[in-house]
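Undergrad: The primary structure of each chain is shown beneath.
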Amino acid sequence: MQHFVLEQALNFLIQNGDINLKPLDQKIIRFSLKDLPLEVDFVCTNNRIFVVNDINNVSDVDIKLTANVFFALFKGEDLTDLLKQDKIIIHGDVKTAQLLVDMLQAVDIDAEEILSQYTGDIVAHEIGKITGKIKKITQESSNPLEALKDSVSNFLINPSVSKTYKNNKH
Amino acid sequence: MDNTTHFGFKDVATEDKQGMVRGVFDSVASKYDLMNDVLSFGAHRLWKRYTIASSNVKTGDKVLDIAGGTGDLAIEFRKKVGDSGQVILSDINAAMLGEGRKNLTNKGIFGVDFVQLNAQYLPFKDNTFDCISIAFGLRNVTDKDQALREMHRILKPGGCLLILEFSTTDSEFLKKFYDFYSFNIMPKLGEIIADDKDSYQYLAESIRKHPDQETLKDMVLEAGFGFCEYHNLSGGIVALHKGIKA
Ligand SMILES: C[S@@+](CC[C@H](N)C(=O)[O-])C[C@H]1O[C@@H](n2cnc3c(N)ncnc32)[C@H](O)[C@@H]1O
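Heads up: the sequence lines are chains X and G, in that order.
The first sequence begins at 1 in my numbering and counts up one residue at a time.
The second sequence begins at 1001 in my numbering and counts up one residue at a time.
Bear in mind the hints are in silico, worked out from the structure with no lab data behind them.
Where hints are given, some of them may not hold.
[As the list claims (entries may be wrong)] Partial list, computed: chain G residues near chain X (C-beta under 8 Å): (1) K1031; (2) L1034; (3) A1053; (4) K1058; (5) T1059; (6) D1126; (7) D1130; (8) T1142; (9) P1157; (10) G1159; (11) G1224; (12) G1226; (13) F1227.
[Claimed, not checked] Going by beta-carbon spacing under 10 Å, a handful of chain X positions derived as facing chain G: (14) N20; (15) D25; (16) Q26; (17) T45; (18) N46; (19) V52; (20) N57; (21) F74; (22) I89; (23) H91; (24) D93; (25) V94; (26) K95; (27) T96.
[Said to hold, decoys possible] Pairwise CB distance ranges, derived in the manner of DEER restraints: (28) R1153/G - D102/X: 31 to 37 Å; (29) K34/X - D1026/G: 56 to 62 Å; (30) N57/X - D1037/G: 53 to 59 Å.
For each residue, glycine too, the CB sits at the ideal point set by N, CA and C.
Modelling step: build the complete structure from the supplied sequences, incorporating the hints.
TA: Okay, here's the thing in structure tokens:
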């Protein structure tokens, strides 16, 4: 669900020209949180971003951080500052990481809400807040209502967290 | 080599299955949309909406909907890709495609191309499509692995495959309810509304024979896709698999 919201929001921005994805083409950027069982891969390809969860593919950049630092990034905290303070560890090209972080900050999504699934169930009023954010993003859209309906239908169906691991039977 | 396959719970000669599936959809075509709404309590619309939202399809994209039937997905994809894009609604069955054409015209949707094809043999060049979808169709295909390899071949690198299909629920309660519903109520409703008990008996059986979530995910990866993840919908009664060509 959190992947879905992020993916929708990022691709909305890409489609509306606010983000140039060319420098990130064919890159896989992995965020791993040290204190939550969460790993998110941002796969940049074919002019769009897929937000998936796949530990078996090799990533170009690995970003390790705590949940708090992750939230701070979304709130506009400077990546270089966080790097200097050793609050974030990056393996791979820092410039690529910076590009993605810029993008996440542009999305203006409340990461704490998105991650609340990992700290407990999302309750109804939080759902409202997330769709509110999407609404904000889609204000310029020719069809904001559709974008909203898409995200709301997701909650009605209530999909569980996906399992993606290649050759990893549960 | 074993040249039998399943048609619902029956074993039939592999070369006969496609014709038998055609018989089912010839028979249900005219009542298909009504039956879908009744049998799923309208939920198929939500499952499809989620599929479209997950597709990442945008203006200018080329999309192929396989086993597209009456065109629910094609209609929404057409709205997303705009005039600069292309949507192809395809199905093996002429009667279902005919219903699709009627449906689109009635809804004022134009600019969708129609192609009659078998999912196992896709008459397109390599690396053609940004997105391929198949909703409630894969379980009817005789050689699913071959169909998946074909889909992989004609997707562009970075292209996305969406498979929406009935699947397996972990919940004992849902399982019991669902078994009772599909083997007792579904064929009965098929008989009352569409005067066709056998086709709906087949549909119920074919759902049980379809690979579960993990097996299908492995099949998608085996066909060459770089990523595959799935989301359970309605407790796993339905699952959406999303594969990305690396
Ligand atoms: C249950 S309907 C689904 C229609 C539509 N996608 C929907 O979700 O409403 C299954 C469709 O699969 C088609 N089909 C069956 N076997 C096929 C094959 N081998 N290749 C392409 N289409 C096939 C049938 O003709 C039928 O229209």
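Undergrad: Report holds or violated for the interface hint on F1227/G, using the least CB-CB distance to chain X and a cut-off of 8 Å.
TA: Constraint on F1227/G satisfied, holds at 5 Å.
Undergrad: May I ask you to test the interface hint for A1053/G with respect to chain X, counting a Cβ-Cβ separation under 8 Å as satisfied?
TA: holds, 4 Å
Undergrad: Per the CB criterion, is K1058/G less than 8 Å away from chain X?
TA: holds, 5 Å
Undergrad: If you take the shortest Cβ to Cβ gap from D93/X to chain G, is it below 10 Å?
TA: Since the shortest Cβ distance to chain G is 19 Å, the answer is violated.
Undergrad: Return the status of the interface hint for F74/X: holds when the least beta-carbon distance to chain G is below 10 Å, violated otherwise.
TA: violated, 21 Å
Undergrad: Tell me if the beta carbons of R1153/G and D102/X are separated by a distance inside 31 to 37 Å.
TA: holds, 36 Å
Undergrad: Under 10 Å is the threshold here; is the Cβ of H91/X close enough to any Cβ of chain G for the hint to stand?
TA: Hint violated; H91/X Cβ to chain G Cβ min 21 Å, cut 10 Å.
Undergrad: Tell me if G1159/G is really an interface residue toward chain X, meaning its C-beta lies closer than 8 Å to one of theirs.
TA: Holds: closest Cβ of chain X sits about 6 Å from G1159/G, inside 8 Å.
Undergrad: Are N57/X and D1037/G spaced within 53 to 59 Å by their CB atoms?
TA: violated, 40 Å
Undergrad: Should the interface hint for V52/X be scored as holding, given a Cβ-Cβ cut-off of 10 Å against chain G?
TA: Holds, because the Cβ-Cβ distance from V52/X to chain G comes to roughly 5 Å (cut-off 10 Å).
Undergrad: Holds or violated: G1224/G as interface residue toward chain X, Cβ cutoff 8 Å?
TA: violated, 12 Å
Undergrad: Does D25/X pass the interface hint, meaning its C-beta sits closer than 10 Å to a C-beta of chain G?
TA: holds, 9 Å
Hint violations for this structure: numbers 1, 2, 6, 8, 11, 14, 21, 22, 23, 24, 25, 26, 27, 30, all remaining hints satisfied.
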